[in-house]
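Engineer: My request is simple: use the sequences and hints to build the entire structure.
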Amino acid sequence: MTRPGFVLEVDRSTPPILTWHGEGFRLESLPAGRSRVIYPPEPLESLKDPDATIRRALESPLGDSKPLRELLFPGMRLTIAFDDISLPLPPMRRPDNRQRVIEAVLDIAAAAGVDDVVLICALALHRRMTESELRHAVGDRVYDSFAPIGRLLQHDAEDPAGLVHIGVTEHGEDVEINRRAAESDLIVYVNINLVAMDGGHKSVATGLASYRSLRHHHNVRTMRHSRSFMDPEHSALHSSNWRMGRLLAASGVKIFQIETTLNNDAFPPQMAFLQKREWEWNPRDRASYAASTRGLSLLTPRLARSLFQSIKAPHAMTSVQAGEVEAVHAETTRMVHRQQLVEVQGQTDVAIFGLPHICPYNVNSIMNPILVMCMGLGYLFNLYRGRPIVREGGVAILSHPTPWAFHPVHHPSYIDFFEEVLSETTDPVAIENTYEERYATDEWYRHLYRTGHAYHGVHPFYMWYWGAHALEHLGRVIIVGGDRKAVRRLGFSPASTLADALEMASDVVGDEPTISHFHCPPIMIADVK
Amino acid sequence: MLRESLEGKRIAITGATGFLGTALTERLLRSVPGCEVALLIRPGRRGARDRARRDVLRNSCFDRLRAETDGGFDELVSRRLHVMAGDVSVDGLGLDEDGKALLASCDVVIHSAATVSFDSALDSAVEINLLGPTRVARTLLDLHAGRSGAGRLPHLISISTAYVAGSRRGRAPEAALSDTPWSTELAWRPEVEAARRARSEQDARSRETKMLSEFARRARRELGAAGTPLLSARAEKLREEWVQDQMVALGKARARGLGWPDAYAYTKALGERALLEERGSLPLSIVRPSIIEAALSEPRPGWIRGFRMADPVIISYAKGLLKEFPGVPEGVIDVIPVDLVVACIVAVAARGPLAVPDVLHCASGSRNPLRYRQLVDLVREWFQANPVADSSDQPITVPEWSFPGRQRVARQLERAGRTLESAERALQALPLRGKRAELSARLEERHAEVDRALSYVELYGAYTETEAIFSVERLIELYETLPETDRRDFCFDPAVLEWRSYCQDVYLPSVVSHARVRLVGASHRSERSATLSREERGRRAVLSKSRQLAVFDLENTLIASNVVESYSWLATRHESGTDRVRFVARTLREAPRLLAADRADRSDFLRHFYRRYEGARLDQLQADAWEMFSDLVITKSFPAGIRRVREHRQAGHKTLLITGALDVMVEPLRPLFDEIVCARLTRNGSVLTGELEDAPPTGEARALIMADYASANGIDLAEAVAYADSASDLPMLEAAGHPVAVNPETKLAAIARRRGWHVEHWPRSPGGPRPLLPIGPLP
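If you're matching them up, the sequences are chains A and B in order. Take the first sequence: its letters are residues 1 to 529, numbered as in the working numbering. Take the second sequence: its letters are residues 530 to 1308, numbered as in the working numbering.
It is worth saying that the hints were derived from the structure and are not from the lab. Wrong hints could be hidden among the right ones.
Claimed, not checked - Straight-line C-alpha distance at most 25 angstroms; calculated DMTMM-like pairs for lysine to aspartate or glutamate:
(1) Lys1183(B) - Asp442(A)
(2) Lys254(A) - Glu173(A)
(3) Lys538(B) - Glu1013(B)
(4) Lys739(B) - Glu769(B)
(5) Lys1074(B) - Glu45(A)
(6) Lys1074(B) - Glu420(A)
(7) Lys1074(B) - Glu419(A)
(8) Lys254(A) - Glu331(A)
(9) Lys48(A) - Glu331(A)
(10) Lys848(B) - Glu1064(B)
(11) Lys485(A) - Glu1065(B)
(12) Lys254(A) - Glu324(A)
(13) Lys48(A) - Glu59(A)
(14) Lys766(B) - Asp980(B)
(15) Lys1183(B) - Glu443(A)
(16) Lys485(A) - Asp980(B)
(17) Lys1183(B) - Glu420(A)
(18) Lys629(B) - Glu807(B)
(19) Lys1183(B) - Glu419(A)
(20) Lys629(B) - Glu536(B)
(21) Lys1074(B) - Glu424(A)
(22) Lys1074(B) - Asp442(A)
(23) Lys1074(B) - Glu443(A)
(24) Lys1183(B) - Glu437(A)
Structural biologist: Right, dumping it as C-alpha cells:
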C-alpha cells in the first residue's frame, strides 16, 4: 500500500525543503508556523502484466463500444493515432505505453486481415518528432515496418489537402481534423494520460485538429474560464473539446479510445531523493543530493541540460481503459486522481513552485523563458481542483534559472515572440488581438512547422494564454534565481534568493504571509477545500 | 563714415565659401546696407549660383541677417548679391562674358581665396596661393585695359597671412617682404616651374613596376579577395594618394628649407611678392591676419565655419589623446577672431587704396599677447569644469601639460603609432568576426587618431613655437582714423580681446559643439530618449518603406556555417561509426588549407571543392538536405537575421539571396526569398558530376546579379539594401544604396567603420545547441 499525499505544516524542526530550479535543485528553509509543504502521493503499484491487461481491455471495452476485434474487418481503413513527445514527463523508459498498446492493436488488426493501416502522431501544433523520438515512442519494430513505406505519419495541421472540415458545433466552433483519420473506418487513439487534462475528446479534437479548429478553445477567454484546465469538470477548454468530440461522433467519425495511466515514479533510483520527503532522507539520499548538486555546479548549462534531458523515468503503467471516449475517460480520470489528488485545506497568500528542467514543450530541447512562464503559471499553478492553492491577489514565487536561451529549430517563433511581442506588452488580451493572427498565418513559421521540427508559429501565444488565468488571479509573480533581463521581459520580478522573494511578496500580501510549497514533480493535483 | 564711403560701391569677393569669405559677405550685406556684393565662385555641379546658395547663404552665419530682415532676406539677396562663375587657379579666372562685365563693374575686389590647409600639396598651393593673387590682378588689368583711364581701376585687397614673415624671432613689420631687411630673396617663377615639374616626376615614379606592384599588394591586404575591379580601383587610388603624399612632403620640405613653417606660408609669401611685381598700376592693399578663429561677437559669439587650425588639437587634448603638445610656455599664440579681421578689411575697403601698396597686420600678438601657458591654463581649466564624456559616459581627465620639445612629443606619438600598427596587423591576420573584428576596427581608428595627432604636432608645432611678433602700428593708425560709431560697429582693435572670456565663454564652447563632442551630463539623457540610437536609425533606414530590394549573402550573414560544413554533414550522414571518425579527422586536417584557399579566391575554391560531389546521388542529397536544414542550417542560423529578411518582406521589399552554396542545400530556404541565386552542379542523369553549371555567384559577380535583378524588376539600386559579412562582398555592398555589414570580418569591419556603414551583430540563438562537429546525426 503506497502512502497518500500529505501536507506538512512547517515547524522549527522541519528540514530545508527540496526546491527544483531547472537543471538542478536547492534546499530552501521555509518560515516556521505559517508555511506548509504539499507532497504528492507515493507511486501507485504498477500492473503486473501490462500487455495482458491491454489485451483484456481491448476485448472488454467500456461504454457502448464493441471489442476492438469486432470493429476490424478486411479492406477497411484503420488509423492509429498516438500522443506525441509532450507525454509523459520525463519520457519513460522503453517500452513506452504507446509501443505496448500499438503492438497489441496491430496484432488484432493483422489477425482481422486489415491491410490499410496508417499510424499518425497526433501533433496538433507541436513540432514534428525526429526519427529517434518516434522509435522511442512506438518501438523499432513498428517504426521499421511503417516508416519506410510512408505509413507512419505525423499530423500536419497546415496541409490544406490533408484536412477535412467536419462541421460547426452549436457554439459556432469549427471542427477540422486530419483527413486520413476522418475518412478512416476507425480511428484508434492511443493515449498516455499523465494529467487529468489529457485524453477524452481532447485527444482527437485537439491532437488531430487544425489551427482553424484549435483557436476556438486555445484562446485567452477560454483559458480564463478554465478553473482549472486540469479539472475537466470546470474547464471551458474541455467543454469545447467535448462539443467537438460529440460533433465528430454525430458525423460518423468512429473512434476507439485507449487510455493508459502511469504512476508518478518519475526519477531513476539513483535520484530517489527527488521524490522522498526530506526528513526521511537516508545517508545515501543526502550523499546523492550533495554529489549531484556539486557535480551540477561544475557543468556548463548546456551539459547540465543534456544530462537532465537524458533522464528516462521508470514510470509504470497503472491502468488501461479502452472503448467509447467518454466512458474511458471517466475511468482514466478516476485513476489519475487516485495517483495525484492531495487534499489541501484552504488557500495561502504565497505559493512557491520549484520549476523542473522539463515541461511538455521542451523534451530534448530548451526551456526558454516563455516556457518557464507556461510551466509555472500554466501547468503548476493550474494543478488544483476547487480553488488555486494561492488566494486571489496573492503571490506566486517560481524558482528557475530562466536563461535567455532558445532552441532555434524547435522554437523559432518563440524567439520572435520574445523579442517583438513581449518587449511591447505582456497582457494576454492585447497580445491575442494584436499579434496572434500574424504569427499564426506566417509563411515562414508554417514552412518550419511543416518541414522542420518547429512548433507552429502561434504556439508561443498559447503558452502565454495558458498562464492567463494565473496572471489574472495573482497579485505578483516573482522568479528566484532567473536571468534578470529575461524575467523582466516576462513582466515578472527577479529575486536572487527565496528569502528576498518572500520579502518582496510581503509588499503585496502583507507581513507574515502564509506560504504553500508545491513539492512537484512528481505531479499531483491539490484538492483545495 | 565707413558706411557712407561704401555707399553705392560694388565689392567683389573671392573665396566666399571659406571661413573669412563667408563672414565678410555676411557683414557687408548686413552692416553696410548701401553696397553690393559680387561673389566669384567656382561652379559646382549645379553651377555657381547654386553653390553660393548652398555653401554660403545657407551657413548659420546668415541666421542673424535672416532674422533681422524678417522675411526680406531673399529680396535683399537678389537685389544686392551677384554671383559670377570663376576659378582663381585658371588664367583669366575662367570668367564668361557676364562674369567679366560684373567683375569689371566692381569698385573693390577682395581676394581671400586660398588653400588654407596646412598640408596641401606643393603644386596646388602654388597654383592657388602663389599664382592666385597675380591672376586676379592681371584679369582686372586686362578687363580695364580697353577702358578709359586707370582711375577706374578697382582697389584690390589681397588677404595674405602674418606668417609670410617665416619662422623667425622678433618683430615683423607691416611692410612688403622685399622691404624687410632679412627676408629671403627668392625668384617666384622658378618655384612655380619646379612645383609643376615635381608633380609629373612623382607621377612617373608612381608608375614604376615596383611601385605598382606595391600598390596592388597593399590593396589586396586592405580588401582581401574583393575581386579584380575593386582591387585595381583601390590600387589606383593608392597610387594617386601616394603621389599626393609625395607632393605634400615636398611642399613641407621646400618651405622648411626656405624658412617658412609650411607650404601655406611659403606660397603665400611668394604670392605677395609676385603680386607686387605684377600688379602694374592696380591699386593694392594687403591684409595679413594671423590665426583666424571663432567670432568674438559678429554675427554671433563663437560663430565658426569648418574645422579651424587649433580646434582639432584642442579636441584631441580634451579627449585625452594628445597628452602633450610642444611649445614654448612664454611664446605668443597669435589668434585673431574672424569678425575683427572682417572689420579691418571693410575699413581698408572704405578708406580706399594708398598711393603705394600698403600692408596691414591683423594680429593680436604685439598689442594684446596671449601666452601659450595662459592658453593652456584656460583650456585645461575649462575642460576640468566641462569634461568630455567617453563612450561609457565617464569624464575624461585632461592631462597636465609639460611644454615638451616638439621632437620628444613626435617621438612618443610615433612610438604609440608603431605599437598600434603592429597590434592592428596581428589582429588583421586572425580570422575574426563580429564584435571581435570591431575591436580591430577600433584599434585602427585609434591608430588614425594618433597619426592625426602626430600630424598636428608636425604641422602646428611651428606655430606654437614661433616667436615672431607681428607689429600692428598701421592697423591701429587706421583704427584711430575712424569715428566713434565706426569704432563701435567695426571694431578691429585687438586690445578689446579679454582672453579669459573669449577663450572660455566663446571659443571653447563653440569648438566643442562644432566637433560634436559630448560633454559629461550635457543633456545626454534627454537626447537619448528624444533621438534614436545610431543603430536604431540605421535599422529604420534599411527597413524604410521607400527601399525596394534587400539582398542577402548566406554564409556568416544568415547562418554561421559554410559549404565545407554542409559537405561534411552530408558526407557523414550515412557513414558508420569508424568511417565518421576517420572523415572528421581528415576534414579537420584539411581545414586550414581549405580556409586559405577560400580566402585567396572564393570562386576557385568553390569550383575545386564541389568536385567532391562527383558521383553523389541527387535524390539522396535532396532528401538529406531537408534534414540538414533543421540539423545544421537552422541550428546555426542567426534568428535576428532571419527576422530581418522577413521584416523586409513585410515592408514590401523584394528579397534576394545570393550564395555560393548548392541549390539542393538552399532549397529549404526558398520561402524566405523572392529569388535565390546559388551554385548548381551539372547532372548526369540522377548523379551529380561535380562540375558547376555556371561561374559561382561570388565577388563582383554578385554585384552584377544584384544589378540584373534590380533592372529586371524595375528597382533602383539606390534603394537596395545589401547584407554581407566579408570584404569579398564589397562589390555588391558598394553597388547597393544601403550596405550593411553583418558580423563583419576584420577587413570589412574596418571598411564599414570608415565609411559609416550600418553594422549588425547577429548572434546565434542564445543558449541554443552548439554541435562540436558538423556531422550528420547517427542513423
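Engineer: Evaluate each hint against the coordinates.
Structural biologist: Evaluated hints:
With a CA separation close to 17 angstroms, the supplied pair lysine 1183(B) and aspartate 442(A) stays within the 25 angstroms bound. With a C-alpha separation of about 20 angstroms, the suggested pair lysine 254(A) and glutamate 173(A) falls inside the 25 angstroms cut-off, and the hint holds. A threshold of 25 angstroms between alpha carbons decides the hint, and for lysine 538(B) with glutamate 1013(B) the separation of about 23 angstroms falls inside it, so the pair holds. Taking the CA atoms of lysine 739(B) and glutamate 769(B), the gap is near 15 angstroms; set against the 25 angstroms cutoff, the hint holds.
Among the hinted pairs, lysine 1074(B) with glutamate 45(A) is inconsistent with the structure: their alpha-carbon atoms are about 66 angstroms apart, more than 25 angstroms. The suggested pairing of lysine 1074(B) with glutamate 420(A) holds, with an alpha-carbon distance near 19 angstroms, which does not exceed 25 angstroms. Straight-line distance between C-alpha atoms of lysine 1074(B) and glutamate 419(A) comes to about 22 angstroms, which keeps the hinted pair within the 25 angstroms bound. At roughly 20 angstroms between alpha-carbon atoms, lysine 254(A) and glutamate 331(A) fall within 25 angstroms of each other, so this suggested pair holds.
The suggested pairing of lysine 48(A) with glutamate 331(A) holds, with an alpha-carbon distance near 19 angstroms, which does not exceed 25 angstroms. Of the pairs offered as hints, the one joining lysine 848(B) and glutamate 1064(B) holds, with about 23 angstroms between alpha carbons and a cut-off of 25 angstroms not exceeded. Our distance criterion of 25 angstroms between C-alpha atoms is met by lysine 485(A) and glutamate 1065(B), whose separation comes to about 20 angstroms. Taken as a hint, the lysine 254(A) and glutamate 324(A) pair is honoured in the structure, with Cα atoms around 9 angstroms apart against an allowance of 25 angstroms.
A hinted pair counts as satisfied when its Cα atoms are at most 25 angstroms apart, and lysine 48(A) with glutamate 59(A) qualifies at roughly 18 angstroms. At most 25 angstroms may separate the alpha-carbon atoms for a hinted pair to count; lysine 766(B) and aspartate 980(B) meet this at roughly 20 angstroms. A distance of roughly 15 angstroms separates the Cα atoms of lysine 1183(B) and glutamate 443(A); the hinted pair therefore holds under the 25 angstroms criterion. Between the alpha carbons of lysine 485(A) and aspartate 980(B) the distance comes to roughly 42 angstroms, so the proposed pair goes past 25 angstroms and is violated.
Between lysine 1183(B) and glutamate 420(A) the alpha-carbon distance is near 22 angstroms, which keeps this suggested pair within the 25 angstroms criterion. Taking the CA atoms of lysine 629(B) and glutamate 807(B), the gap is about 20 angstroms. The hint holds against a cut of 25 angstroms. Taken as a hint, the lysine 1183(B) and glutamate 419(A) pair is honoured in the structure, with Cα atoms around 24 angstroms apart against an allowance of 25 angstroms. With a C-alpha separation of about 22 angstroms, the suggested pairing of lysine 629(B) with glutamate 536(B) holds against the 25 angstroms cut-off.
Distance check on the hinted pair: lysine 1074(B) and glutamate 424(A) sit about 22 angstroms apart at the alpha-carbon level, within 25 angstroms; holds. Straight-line distance between C-alpha atoms of lysine 1074(B) and aspartate 442(A) comes to about 20 angstroms, which keeps the hinted pair within the 25 angstroms bound. For the suggested pair lysine 1074(B) and glutamate 443(A), the alpha carbons sit about 21 angstroms apart, so the restraint of at most 25 angstroms is met. A hinted pair counts as satisfied when its Cα atoms are at most 25 angstroms apart, and lysine 1183(B) with glutamate 437(A) qualifies at roughly 23 angstroms.
Checked against the numbered hints given earlier, the structure breaks hints 5 and 16 and satisfies all the rest.
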